[in-house]
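Let the hints inform the model, and build the full structure from the sequences given.
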Amino acid sequence: MSIEQIEKLHNEAMSIADDADLMKHHGQLVDAIELFRKAFALEHDAAMAALASGVEDLSAGVLVKSAAFLAYDGGLIRESEQMVGLALSRNLPEEIAEEMRDLLENIHFARHLRLNGITLSDNEVQIVVAGRGVAHGMAREDDVNERISTFKQLAVRTAERSKGRKFRTSGQPAKDIRDMCTSYLSTSRAASFAVTMRIGEKPEDTLGQFQGGANALIEDIATNLSLANNGEVEELKKRIKEQTYLENFVSLAKEFAPDGERVNLVGLTFRKDGNDVPVQLTTPKVKYREVVSTISSEVTEEKKKEEHIEKETLIGTLYHADSKSDFVRIQIGGRTIKISVPEGLAEIVRKYFDTEVALLVSHNKIDDSYRLISVDVKDDEPQLF
Amino acid sequence: MVIEDITRGVIPGMTAAKAAYLSECAVSCLSRQGHSSGVQITCDGIVNKPEPLYWTTPYTDQLARSTNDLQEATEHGAECISALFAVEHTPYTIVKRSRKKTGVDYWLGKKDDPLFQEAARLEISGILNGKEEIKTRKKLKLQQTSQSDSTNLPAFVSIVEFGTPAIDFDKK
Chain A
-3 MSIEQIEKLH
7 NEAMSIADDA
17 DLMKHHGQLV
27 DAIELFRKAF
37 ALEHDAAMAA
47 LASGVEDLSA
57 GVLVKSAAFL
67 AYDGGLIRES
77 EQMVGLALSR
87 NLPEEIAEEM
97 RDLLENIHFA
107 RHLRLNGITL
117 SDNEVQIVVA
127 GRGVAHGMAR
137 EDDVNERIST
147 FKQLAVRTAE
157 RSKGRKFRTS
167 GQPAKDIRDM
177 CTSYLSTSRA
187 ASFAVTMRIG
197 EKPEDTLGQF
207 QGGANALIED
217 IATNLSLANN
227 GEVEELKKRI
237 KEQTYLENFV
247 SLAKEFAPDG
257 ERVNLVGLTF
267 RKDGNDVPVQ
277 LTTPKVKYRE
287 VVSTISSEVT
297 EEKKKEEHIE
307 KETLIGTLYH
317 ADSKSDFVRI
327 QIGGRTIKIS
337 VPEGLAEIVR
347 KYFDTEVALL
357 VSHNKIDDSY
367 RLISVDVKDD
377 EPQLF
Chain B
7 MVIEDITRGV
17 IPGMTAAKAA
27 YLSECAVSCL
37 SRQGHSSGVQ
47 ITCDGIVNKP
57 EPLYWTTPYT
67 DQLARSTNDL
77 QEATEHGAEC
87 ISALFAVEHT
97 PYTIVKRSRK
107 KTGVDYWLGK
117 KDDPLFQEAA
127 RLEISGILNG
137 KEEIKTRKKL
147 KLQQTSQSDS
157 TNLPAFVSIV
167 EFGTPAIDFD
177 KK
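Top to bottom, those sequences are chains A and B.
Taking the working numbering, the leading residue of the first sequence gets -3, the next gets one more, and so forth.
Taking the working numbering, the leading residue of the second sequence gets 7, the next gets one more, and so forth.
Treat the hints with care, as some may be off.
[As the list claims (entries may be wrong)] Taking lysine to aspartate or glutamate and the EDC-like style, the derived pairs with C-alpha atoms no more than 20 Å apart in a straight line are:
#  : chain 1 : residue 1 : chain 2 : residue 2
1  : B       : K106      : A       : E30
2  : B       : K106      : A       : E257
3  : B       : K137      : A       : E306
4  : B       : K106      : A       : E91
5  : B       : K147      : A       : E95
6  : B       : K178      : A       : E95
7  : B       : K107      : A       : E228
8  : B       : K147      : A       : D98
9  : B       : K144      : A       : E91
10 : B       : K106      : A       : E95
11 : A       : K374      : A       : E257
12 : B       : K145      : A       : E308
The hints are simulated quantities; they were obtained by calculation from the structure and are not laboratory data.
Given below as structure tokens:
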């Protein structure tokens, strides 16, 4: 096959993939998958022809990589795995080889989300973490425990919101909420690292507006986490109407998300109508700054012009400024800046005290006041882009 | 630059429907930030003077609804502006596309480059609002380059911010 014929096949594959993207955007997922498979067939032929023609490794490698992603988008997991293997066997630039390794992790993760013989009750959720820092059945304690703790916080806040409670800014949750959200953990499993978490004593315990009990509460959390992962802010705002709860949820979702370095993927599996429902979270936590910033700007947008508010990033060491966490202090060299903390972020900001952080803040130029939008560990910053 | 020009075959193999969608995302992001056709886009990198940015697509409720996933709209809007910028203000053009995890991989080069042999990767990044993020993103991109070895691909970086609006288009 000539280079021109290979290019023609490749361009046809890209055109069909364009149509698939649009169908996916319009929610026509079944049709989109069919088109991704058609695009894969063409790109696969173009890639194989390029390999047979002896074109240089980069050109053939890019086509094989492209075919691997089209197969994955079309749900052809085995074909995608084969393309990844083929791509990695070539002499490729490191960035493309790295993309292929990441795709392979996605392929493996889809396998891990299957329950492999474990049966979940309606009030149970399987939490899986995977990535370069997670070996089969072994993970760094913080990478697992902090996410389990965050999931429990999400459950408590979701239950409080469902009961119409005013956002709690201090103290422990009320007894009824504590009872509802009592959590239990299974032993861990190798998959890459999985545990089952149970919420509440019994599946049928009612939890506020959640007629389906803990199962509906878990579904609500998983759905909202998925929306935050996809950056679907408008839909999230419809589901969590109260601003403080919304800010709190997105900040907790950021804590729950993969760090993009040690952990690339976090997954949940829960039961719905007798079926196991897998949810994959792959957006790294630093990318949540866009979502957090958009939500926060809802509060400050109207004031933006008259109060000359600008967003800034401050890098330094974070300290508490008062016992209620209404304010924090950041020390940048010899300079200290006091920053007000929105109610929804107070419980999140505490864990960053005495740590080098990158704070996204809104700066009011008129009265020189600062308000916190988002907090990240400073070392996480380079993984952002 | 005229945003709708992207529907006139600027990108090889791109369907008219997809090109129209990218242009709608760009219009939506600019309109959400309160800009109107004719706004000056600040340019940095290999071009250093502002350019007017025009469009005719009206920002309707329907357009707002169809682009309400802000993350997706920002990325696709940035793809549109970056492609137009490359074609109109640099010696390069988009010669190829391939697939990657987040959708489409763009490659810059000269029009007669066979396959991907002489092409340089175009890394596009979109910011809805936050001019202060542009420098950070660019710095990090350049840091990533310096950490890598000789097998790295030649690449250009295009960072589009819709709040100002601004574009920083540079070689890595």
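Going through the hints against the structure:
1. B:K106 to A:E30: holds, 18 Å
2. B:K106 to A:E257: At roughly 19 Å apart (the allowed maximum being 20 Å), E257 (chain A) and K106 (chain B) satisfy the hint.
3. B:K137 to A:E306: Distance of about 10 Å is within 20 Å: holds.
4. B:K106 to A:E91: holds, 12 Å
5. B:K147 to A:E95: holds, 16 Å
6. B:K178 to A:E95: holds, 19 Å
7. B:K107 to A:E228: Measuring from Cα to Cα gives roughly 18 Å; hence the hint holds.
8. B:K147 to A:D98: Roughly 19 Å between the alpha carbons, so the hint for K147 (chain B) and D98 (chain A) holds.
9. B:K144 to A:E91: holds, 18 Å
10. B:K106 to A:E95: The hint holds at about 8 Å.
11. A:K374 to A:E257: Between K374 (chain A) and E257 (chain A) the Cα gap is close to 14 Å, so the pair holds against 20 Å.
12. B:K145 to A:E308: holds, 16 Å
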